[in-house]
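Based on these hints, arrange chain B on the given structure of chain A.
Residues per chain, in single letters:
Number of protein chains: 2
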Amino acid sequence: MSGFPFTIAATDGAARTGAIKTPRGEIRTPAFMPVGTQATVKTMYPEQVRALGADIVLANTYHLMLRPGAERVARLGGLHEFMRWPHPILTDSGGFQVMSLASLRKVDADGVSFRSHIDGSEHRLTPERSIEIQRLLDSDIVMQFDECLALPAPRPDVERAMRLSLAWGERSKAAFDNAPDKALFGIVQGGDIAELRLISAEGLVEIGFDGYAVGGLAVGEPQATMLQILDETAPALPADRPRYLMGVGTPDDILESVARGVDMFDCVLPTRAGRHGLAYTRFGKLNMKNARHADESAPIDAESACPAARDYSRGYIHHLVKAGETLGAMLLTWNNLAYYQTLMADIRAAIASGRYADHILAMKAEWARSEEGRAALQPPA
Amino acid sequence: MSGFPFTIAATDGAARTGAIKTPRGEIRTPAFMPVGTQATVKTMYPEQVRALGADIVLANTYHLMLRPGAERVARLGGLHEFMRWPHPILTDSGGFQVMSLASLRKVDADGVSFRSHIDGSEHRLTPERSIEIQRLLDSDIVMQFDECLALPAPRPDVERAMRLSLAWGERSKAAFDNAPDKALFGIVQGGDIAELRLISAEGLVEIGFDGYAVGGLAVGEPQATMLQILDETAPALPADRPRYLMGVGTPDDILESVARGVDMFDCVLPTRAGRHGLAYTRFGKLNMKNARHADESAPIDAESACPAARDYSRGYIHHLVKAGETLGAMLLTWNNLAYYQTLMADIRAAIASGRYADHILAMKAEWARSEEGRAALQPPA
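Note that the protein sequences, when read in sequence, are chains A and B.
If you count by this note's numbering, then the first sequence holds residues 1 to 381, one letter each, in order.
If you count by this note's numbering, then the second sequence holds residues 1 to 381, one letter each, in order.
No lab work stands behind these hints, which were simulated from the structure alone.
Everything numeric in this text was worked out from a predicted model, so none of it was measured.
Each hint can be trusted.
Copies of one chain are not kept apart here, so a pair can be met inside one copy or by any two copies together.
Distance condition first, Cα-Cα at most 25 Å in a straight line; then the derived DMTMM-like pairs of lysine to aspartate or glutamate:
{"#": "1", "residue 1": "K322", "residue 2": "E81"}
{"#": "2", "residue 1": "K285", "residue 2": "E296"}
{"#": "3", "residue 1": "K322", "residue 2": "D119"}
{"#": "4", "residue 1": "K289", "residue 2": "E122"}
{"#": "5", "residue 1": "K322", "residue 2": "D138"}
{"#": "6", "residue 1": "K42", "residue 2": "D311"}
{"#": "7", "residue 1": "K42", "residue 2": "D295"}
{"#": "8", "residue 1": "K182", "residue 2": "E170"}
{"#": "9", "residue 1": "K182", "residue 2": "D138"}
{"#": "10", "residue 1": "K322", "residue 2": "E47"}
{"#": "11", "residue 1": "K322", "residue 2": "E122"}
{"#": "12", "residue 1": "K289", "residue 2": "D119"}
{"#": "13", "residue 1": "K42", "residue 2": "D138"}
{"#": "14", "residue 1": "K289", "residue 2": "E81"}
So here's chain A without its partners, still in its complex pose (with noise of 0.2 Å):
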């Protein structure tokens, strides 16, 4: 029997807390996964990741079939040995990278074959060998493969997109056939046209998953649209089955969403913005590369728990990032998880006291007092 246990120990308006018990431990909802797509989160030692609050992280089936390959990941005891990782991981599916990355993709009604972005060999995904790779790495979670669109694209490929994700939907199901101890998630699609959204969603729904994600949106679209698709998509998704935006977001963006009745996320933001020079903080998103940071004592964020954010001083934290050292990089993604780690527990802790309103309202005040407002209450140096 596949499929975990989710429960939902409480709901504020169409918020909800719970958690997905899966045999590699618990998933506490709202989620964040940071995003481990070559099999490591990048700049993080696996214990810190874990140390920070992650109950689940996630990995990519594109990257991983390409290099080093399922079967040579399976050869090595699966992804959670190989990557020490002994929690959940869930897996997507390829289909999104292989729209963004991979070159000369072609599509027919069977699967998609496509050039490595990396040495230019063939391969080619189906629905049914995106499963099997998914099970060779050992994924808890599984995604059905999916066909992405770029958009904004013309409604006939929209829904062309979406009537074939639902048959590979199927398919995959059959392919996955209830391997116990894992779950099966399908994947709405249909673009910005609600119609074909529902429709989307109500066929997946007839099929059967574990849970539900919502794909193709945070893909340059105006928050306002991706919000109005979650009012428009959410309610037809089943309340007692875990609901996963992918690739989101922002921490706006998340907050707007478990409002919405988003229980999971992933997003390559606070990773990638740690390897870029800049810092999440309570007050905003501050840009270590500027220089009105060369000559500040003072930490991140002197009350965080995070070492990244509360021992090292931001002059330091400067130098490190213009200097181009690892280490800079280091710290601020490490800053940066610990900063989603902790927005999704205070998410979950507002939630279950039934405050989320107030909360949404608390968090954004917080961030007006941006990197130029907490500037001008600083002493200067």
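Frame of chain A, contents of chain B only:
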């Protein structure tokens, strides 16, 4: 009163083991100093460096004067506070890096004018300014300013640079002015000419320093040349003061140099090799880029106390290195610095128990179980 107590607990031939006692902590000798060029030991958190057993790290005057600037480091509380390393720090004088990195160098009797390799800006170093910078950094062990020549060079050039370095040594000492709780080391120059090395050593001893470095070696000459110069030079340096062989070296270089009475070493090898996919092990060096490691589930060294060596499979590290993931460099640097600190601890123990000659033989025999030899011993994956 400047300088630190140096106690020699045991000798074995010319090799000796003991400790330099500084207000910031004891430096067990023979000591290996990890290199923290830009105020960071690349890819390592400072706590990790300490936990491996490093008592002291080295930082570079040339790099830090250019970025972030010595006065800025002083404003931020000094180098220990800046880089979160509360233990002893040795800074070089800038002479070597001016020679190897700066452009448009112009040496005169008073000092060196040069342009920054970062932005082309003009700078000048003199013995007085070098000592001032090292004081601003709050270095514990300060190096005299010297002129380093690229070898081979004609004897008149070698002699001129050696005599200039002697004169700069005298000016460095005057500028240092017996700073309390600090030490000033002189630097023996003279290329590969024994007679000039002896003149340099005797001149330095006459000036009187808290310790004596041998500079201008390990710049491409054969190991035999370096060891011969040590054979000729070390006896001319006071037995009761620490001897420091700058920029050395391989594990074998260190073993052989300790046998000739050297107490301190620094080298970028373990950190640089870590960023280039190389792992130092008890059985020689492993090139983790080699495809042979792709399917290895064994770690680098299951008996190591270092998590990087003990807990991650070679197959995973191979993957990280091939994929250009930062964690690969982080793990290999960690492994390599652990190897070097264990090397030094074993050297100290062997001298203390009077079996240093045997220890050298045993170490070399282990290394002879080279990458290929070890591969042959392993069961196929």
